[in-house]
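Undergrad: So you can see what is in the structure, the chains are spelled out below.
2 protein chains.
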Amino acid sequence: MTTTALHPLVDAHRETLEQAKAALASRSYYSAYPESPSPKIYGETAAADGLAAYEAHLNAPYENLASQPNDGMVASSEVSPYGPALGVSYPHLDLDSALAAATAAIPGWRDAGPLVRAAVCTEMVAQINKRSFEIANAVMHTSGQPFVMSFQAGGPHAQDRALESIVAGLVEQERIPESVIWEKPGRGEPVRMQKDYQIVPRGIALVIGCNTFPTWNAYPGIFASLATGNPVVIKPHPRAILPLAISVDIMRSVLADAGFDPNVVLLAPERDGEGLAKVLAERPEIAIIDYTGGPAFGSWLEKEAGGNGKLVYTEKAGINSIVIDSTDNVRGMTGNLAFSFSLYTGQMCTAPQNVYIPEGGIDTPDGTLSFDEVAGAIAKAIEKFNGDDAKAVEILGACVNDDVKARANDLAAVAAEVGGEVVLNNRKVEHPKFPDAVVRTPGLIKIDAAKEEGYTREFFGPVAFLIATKDTDESLTKMRDTIKAHGAMTMAIYSTSEDVLVKARAACAAAGVALSENLMGSVFVNQTAAFSDYHGTGANPAANAAYTDAAFVSNRFRVITSRRHI
Amino acid sequence: MTTTALHPLVDAHRETLEQAKAALASRSYYSAYPESPSPKIYGETAAADGLAAYEAHLNAPYENLASQPNDGMVASSEVSPYGPALGVSYPHLDLDSALAAATAAIPGWRDAGPLVRAAVCTEMVAQINKRSFEIANAVMHTSGQPFVMSFQAGGPHAQDRALESIVAGLVEQERIPESVIWEKPGRGEPVRMQKDYQIVPRGIALVIGCNTFPTWNAYPGIFASLATGNPVVIKPHPRAILPLAISVDIMRSVLADAGFDPNVVLLAPERDGEGLAKVLAERPEIAIIDYTGGPAFGSWLEKEAGGNGKLVYTEKAGINSIVIDSTDNVRGMTGNLAFSFSLYTGQMCTAPQNVYIPEGGIDTPDGTLSFDEVAGAIAKAIEKFNGDDAKAVEILGACVNDDVKARANDLAAVAAEVGGEVVLNNRKVEHPKFPDAVVRTPGLIKIDAAKEEGYTREFFGPVAFLIATKDTDESLTKMRDTIKAHGAMTMAIYSTSEDVLVKARAACAAAGVALSENLMGSVFVNQTAAFSDYHGTGANPAANAAYTDAAFVSNRFRVITSRRHI
Numbered sequence: 092m093t094t095t096a097l098h099p100l101v102d103a104h105r106e107t108l109e110q111a112k113a114a115l116a117s118r119s120y121y122s123a124y125p126e127s128p129s130p131k132i133y134g135e136t137a138a139a140d141g142l143a144a145y146e147a148h149l150n151a152p153y154e155n156l157a158s159q160p161n162d163g164m165v166a167s168s169e170v171s172p173y174g175p176a177l178g179v180s181y182p183h184l185d186l187d188s189a190l191a192a193a194t195a196a197i198p199g200w201r202d203a204g205p206l207v208r209a210a211v212c213t214e215m216v217a218q219i220n221k222r223s224f225e226i227a228n229a230v231m232h233t234s235g236q237p238f239v240m241s242f243q244a245g246g247p248h249a250q251d252r253a254l255e256s257i258v259a260g261l262v263e264q265e266r267i268p269e270s271v272i273w274e275k276p277g278r279g280e281p282v283r284m285q286k287d288y289q290i291v292p293r294g295i296a297l298v299i300g301c302n303t304f305p306t307w308n309a310y311p312g313i314f315a316s317l318a319t320g321n322p323v324v325i326k327p328h329p330r331a332i333l334p335l336a337i338s339v340d341i342m343r344s345v346l347a348d349a350g351f352d353p354n355v356v357l358l359a360p361e362r363d364g365e366g367l368a369k370v371l372a373e374r375p376e377i378a379i380i381d382y383t384g385g386p387a388f389g390s391w392l393e394k395e396a397g398g399n400g401k402l403v404y405t406e407k408a409g410i411n412s413i414v415i416d417s418t419d420n421v422r423g424m425t426g427n428l429a430f431s432f433s434l435y436t437g438q439m440c441t442a443p444q445n446v447y448i449p450e451g452g453i454d455t456p457d458g459t460l461s462f463d464e465v466a467g468a469i470a471k472a473i474e475k476f477n478g479d480d481a482k483a484v485e486i487l488g489a490c491v492n493d494d495v496k497a498r499a500n501d502l503a504a505v506a507a508e509v510g511g512e513v514v515l516n517n518r519k520v521e522h523p524k525f526p527d528a529v530v531r532t533p534g535l536i537k538i539d540a541a542k543e544e545g546y547t548r549e550f551f552g553p554v555a556f557l558i559a560t561k562d563t564d565e566s567l568t569k570m571r572d573t574i575k576a577h578g579a580m581t582m583a584i585y586s587t588s589e590d591v592l593v594k595a596r597a598a599c600a601a602a603g604v605a606l607s608e609n610l611m612g613s614v615f616v617n618q619t620a621a622f623s624d625y626h627g628t629g630a631n632p633a634a635n636a637a638y639t640d641a642a643f644v645s646n647r648f649r650v651i652t653s654r655r656h657i
Numbered sequence: 092m093t094t095t096a097l098h099p100l101v102d103a104h105r106e107t108l109e110q111a112k113a114a115l116a117s118r119s120y121y122s123a124y125p126e127s128p129s130p131k132i133y134g135e136t137a138a139a140d141g142l143a144a145y146e147a148h149l150n151a152p153y154e155n156l157a158s159q160p161n162d163g164m165v166a167s168s169e170v171s172p173y174g175p176a177l178g179v180s181y182p183h184l185d186l187d188s189a190l191a192a193a194t195a196a197i198p199g200w201r202d203a204g205p206l207v208r209a210a211v212c213t214e215m216v217a218q219i220n221k222r223s224f225e226i227a228n229a230v231m232h233t234s235g236q237p238f239v240m241s242f243q244a245g246g247p248h249a250q251d252r253a254l255e256s257i258v259a260g261l262v263e264q265e266r267i268p269e270s271v272i273w274e275k276p277g278r279g280e281p282v283r284m285q286k287d288y289q290i291v292p293r294g295i296a297l298v299i300g301c302n303t304f305p306t307w308n309a310y311p312g313i314f315a316s317l318a319t320g321n322p323v324v325i326k327p328h329p330r331a332i333l334p335l336a337i338s339v340d341i342m343r344s345v346l347a348d349a350g351f352d353p354n355v356v357l358l359a360p361e362r363d364g365e366g367l368a369k370v371l372a373e374r375p376e377i378a379i380i381d382y383t384g385g386p387a388f389g390s391w392l393e394k395e396a397g398g399n400g401k402l403v404y405t406e407k408a409g410i411n412s413i414v415i416d417s418t419d420n421v422r423g424m425t426g427n428l429a430f431s432f433s434l435y436t437g438q439m440c441t442a443p444q445n446v447y448i449p450e451g452g453i454d455t456p457d458g459t460l461s462f463d464e465v466a467g468a469i470a471k472a473i474e475k476f477n478g479d480d481a482k483a484v485e486i487l488g489a490c491v492n493d494d495v496k497a498r499a500n501d502l503a504a505v506a507a508e509v510g511g512e513v514v515l516n517n518r519k520v521e522h523p524k525f526p527d528a529v530v531r532t533p534g535l536i537k538i539d540a541a542k543e544e545g546y547t548r549e550f551f552g553p554v555a556f557l558i559a560t561k562d563t564d565e566s567l568t569k570m571r572d573t574i575k576a577h578g579a580m581t582m583a584i585y586s587t588s589e590d591v592l593v594k595a596r597a598a599c600a601a602a603g604v605a606l607s608e609n610l611m612g613s614v615f616v617n618q619t620a621a622f623s624d625y626h627g628t629g630a631n632p633a634a635n636a637a638y639t640d641a642a643f644v645s646n647r648f649r650v651i652t653s654r655r656h657i
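Top to bottom, those sequences are chains A and B.
If you read the first sequence in my numbering, its first letter stands for residue 92, the second for the next number, and so on.
If you read the second sequence in my numbering, its first letter stands for residue 92, the second for the next number, and so on.
A portion of the hints provided could be inaccurate.
What the hints assert, rightly or not - Calculated pairs, DSSO-like style, for lysine-lysine (alpha carbon to alpha carbon, straight line, at most 30 angstroms): (1) B:K275 / A:K594; (2) B:K221 / A:K275; (3) A:K131 / B:K275; (4) A:K482 / B:K275; (5) B:K575 / A:K112; (6) A:K275 / B:K482; (7) A:K537 / A:K471; (8) B:K575 / A:K394; (9) B:K594 / A:K221; (10) A:K575 / B:K369; (11) A:K221 / A:K482; (12) B:K496 / B:K542; (13) A:K475 / B:K275; (14) A:K537 / A:K475; (15) B:K594 / A:K275; (16) B:K131 / A:K275; (17) A:K275 / B:K112; (18) A:K275 / B:K275.
Claimed, not checked - The calculated label-pair distances, taken between Cβ atoms and stated as ranges, are: (19) A:K131 / B:E395: 53 to 61 angstroms; (20) B:A144 / A:R283: 53 to 61 angstroms; (21) B:G400 / A:A503: 54 to 62 angstroms; (22) A:D140 / B:A576: 47 to 55 angstroms.
In short, the hints are calculated from the structure, not lab data.
If you're wondering where the values come from, they're calculated on a predicted model, not measured in any experiment.
Even glycine gets a Cβ: it sits at the ideal position worked out from N, Cα and C.
Generate the whole structure from the sequences, applying the supplied hints.
TA: Here it is as structure tokens:
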């Protein structure tokens, strides 16, 4: 494999790739895509243009994707959590011909080599970035996220994670020399051989998207597989197709413009009840699976597809935790927590659920706050933070599905189920623009640490448990054991004691969960920064992989050596 | 995790580690352990001392390992393929207390950090190297390898692969900074956080050894897991315990001398019929499994243990192949092949089995050689190479088990089974020193390419099939499809045509197998060099991993972040 003239996109993105590589190596701050939706950055008309582009998709077939091998259109079941049905229909893949087309696309994509692939992938992300407002509206009206979050998490932050994956894949491949002259000293002349190392993909990769973060949780797997030479078939969640349809549309046109087969990327929307993810996961052409979603299907994938030699990367459910031991800033703490509970109605995979508090209370600059005073302070912070409906909806977004709605509408039932007591009820918030949206503030349930059957399950949505423990040691032990057994994406502690922090770090290392300490201000436990924070650890049952470490990318390709005497 | 004073072993092995890292990055020639058993290198009395040390183990309990938590001694079923039973007994692990002891050893080994672990592991290999003659005798009398091969493959070459794994693991861990100050620009003051990254092991690793290469195939997994912080339990093949017992003995004493808990490494010999590998694989404490052996249990491990979230690295069976298209050196080719077939009686996992030859013959400098002339030339080369019994036994070694003996004693039955014809029968060779050894030269069976049910199975031992194809295109296609379906560790081609070589490289990339082209002289298809050649590709059914790439090591540890404002 000799690299002749490099693709023009390599020059276009060389600097971005170099900066991203440096950031990944140092784990320092880096973002190539501005997170502010400001017109100064994205252009005066960007917001309006993006909204118009989004609206142009509604109640129409998504024609641009009809170039995919398909057997007709499928009407999507996408209904905005803010109200209206989207009314989009998508071309439904003809699986045999689509997988044959993706297979046929392998040699060209493989032979492009790591650097050209990275450059083409970066161009895809750059083009996706230009359409961040359009995608933000699509994310908002499929996930129920509030608009600014849809823009940030569905746009630039997802794009940062995409670039992180591209670069992680590039770095791994660049560690393999293309060729070496191997010279073994002997009695007489050395034995000399030329050895060439060709990077080959695993096969076709399947990415199974989720409802709540259609782009953010899909891009890492998509770009990790693409960067390492694998065509990708993307099976979006049936209620969150549009954000990935727009993304795939962009990716396919970048591929075509760059001289590659667009069937390197395919979107696989499904008919209602079709169970397409399972069908695809069982196809022999599929060699890699990235999945975000519920634990039942995730475990099936790990066992069945993983047991059959496919690489399976899953992010499932978890019980994110907070341990409160003491604080020098009660307001800072409760304000920070109120935001974390409220943001997108607790529907982030990283939102905290279990809050362990000593029954004897916590030390603060104003003396000991009793358990009930701590609970009250958190409740008050949530109420205050969400006091103004018009402002609150821009944080809370809307409930994504009926399960969340049911829970938010009857917190007393949840409390009864787990054996707890409602401390703060979910408040109904009227959305000034979308009267059909179900918007609720977070609720709090007080529960005794002994009632583990209650709080060692995931209650997705705006419910948190304030768990009364004997002391912080018990808090840490319960947290550790619960996460070891049931998983978590995040954990945070508030403590003024260095001893306690040291114990917390040890407990988190044992539980296999990342730790945030004494977060105040604008850093929240549910948010991670690409290039610096890993998303997930792969060390507890919530996720078997992390965005983005070497293990996430290094097995997606293989190396084939050919050697000969010279 | 702050590194205070470094361990003295770091200085002792810094240069070796740096050299090995450089070799791994460039894939150039490197060996830290001389492969020649010459007295000039290992000392005048090394051979005799090693033999005496080996003999001292015989017909005695292996007392040094009694410091392992055990429930008594178990008499081993080791019988030398050269004749006598070894008569060693080993302490049998008490599983509950042994796994508890290994678990208790985790924090100390984890907190040593990557560099200290790499240095301690390198010290283990250095001490193992000093006992290469003792281990060589143990390898010889368990595997049936001839002595020089036992020394080289069981000693320095295995040690090279061990160091390769250590360094591959070190490089991966060193890519994670211990700490970073993360600074995100904002409107006013930047947001600044300190983030610490702690490397944690997966848990306890299990390494399941094989009969034919007890050390060579076990060291990579052992040292990959150790270097990344995981304690290791080694379950040797019941007929090849001693080489690993000596290795574990050395490793435990290096651990103790270096101030670590020796239970970081444990040997788990088993009672006859105990099925200990399965019992261990199902223990929840076991997080990683490395396996070399038959495909039935290997597939069970992949499906059951792999499906249950354990990392499983397997090397099973394969159908190694040769494609003969043409050559400019008939003697060079047949001589090279004769060695590859003969070495250790074809009992290497890398030994060729299927030789594809066009029915119309091949081009040579002396004109076309017919299929039968090619077959005859290979047969003659094998006969000549093994003409002298006393010399032949030093290449052939002895048949390792009853299956191989049965096949070598009745090649006609194999030919009848597959629908082929014996071209060269296995010749019985008398071992001048070990009259009980079953020593046989390789046999050749001619078979038509259409009889695929015959030759698409592994026939372990001294049997090769000369497969008559329509032409080289058919040879490449049959080779590719057979390897895709059934796996292979190696493939070689002989051709003077650049066009054919290009096609062969493409076929091997598609089959996922490494290619050796026109090997002559002292480089053989069944041998790979650490740091330069991968052993296996992980891209076909013979093995799901390769010694040693990033994918082999990078998932054996996880990273736990803790972050806080500064």
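Undergrad: Are the hints correct? Go through all of them and say.
TA: Right, here's what the structure says about each hint:
no. : hint                                : in the structure
1   : B:K275 / A:K594                     : holds (28 angstroms)
2   : B:K221 / A:K275                     : holds (23 angstroms)
3   : A:K131 / B:K275                     : holds (20 angstroms)
4   : A:K482 / B:K275                     : holds (26 angstroms)
5   : B:K575 / A:K112                     : violated (35 angstroms)
6   : A:K275 / B:K482                     : holds (26 angstroms)
7   : A:K537 / A:K471                     : holds (15 angstroms)
8   : B:K575 / A:K394                     : holds (23 angstroms)
9   : B:K594 / A:K221                     : violated (43 angstroms)
10  : A:K575 / B:K369                     : holds (24 angstroms)
11  : A:K221 / A:K482                     : holds (27 angstroms)
12  : B:K496 / B:K542                     : holds (25 angstroms)
13  : A:K475 / B:K275                     : holds (28 angstroms)
14  : A:K537 / A:K475                     : holds (20 angstroms)
15  : B:K594 / A:K275                     : holds (28 angstroms)
16  : B:K131 / A:K275                     : holds (20 angstroms)
17  : A:K275 / B:K112                     : holds (18 angstroms)
18  : A:K275 / B:K275                     : violated (50 angstroms)
19  : A:K131 / B:E395: 53 to 61 angstroms : holds (58 angstroms)
20  : B:A144 / A:R283: 53 to 61 angstroms : violated (38 angstroms)
21  : B:G400 / A:A503: 54 to 62 angstroms : violated (37 angstroms)
22  : A:D140 / B:A576: 47 to 55 angstroms : holds (53 angstroms)
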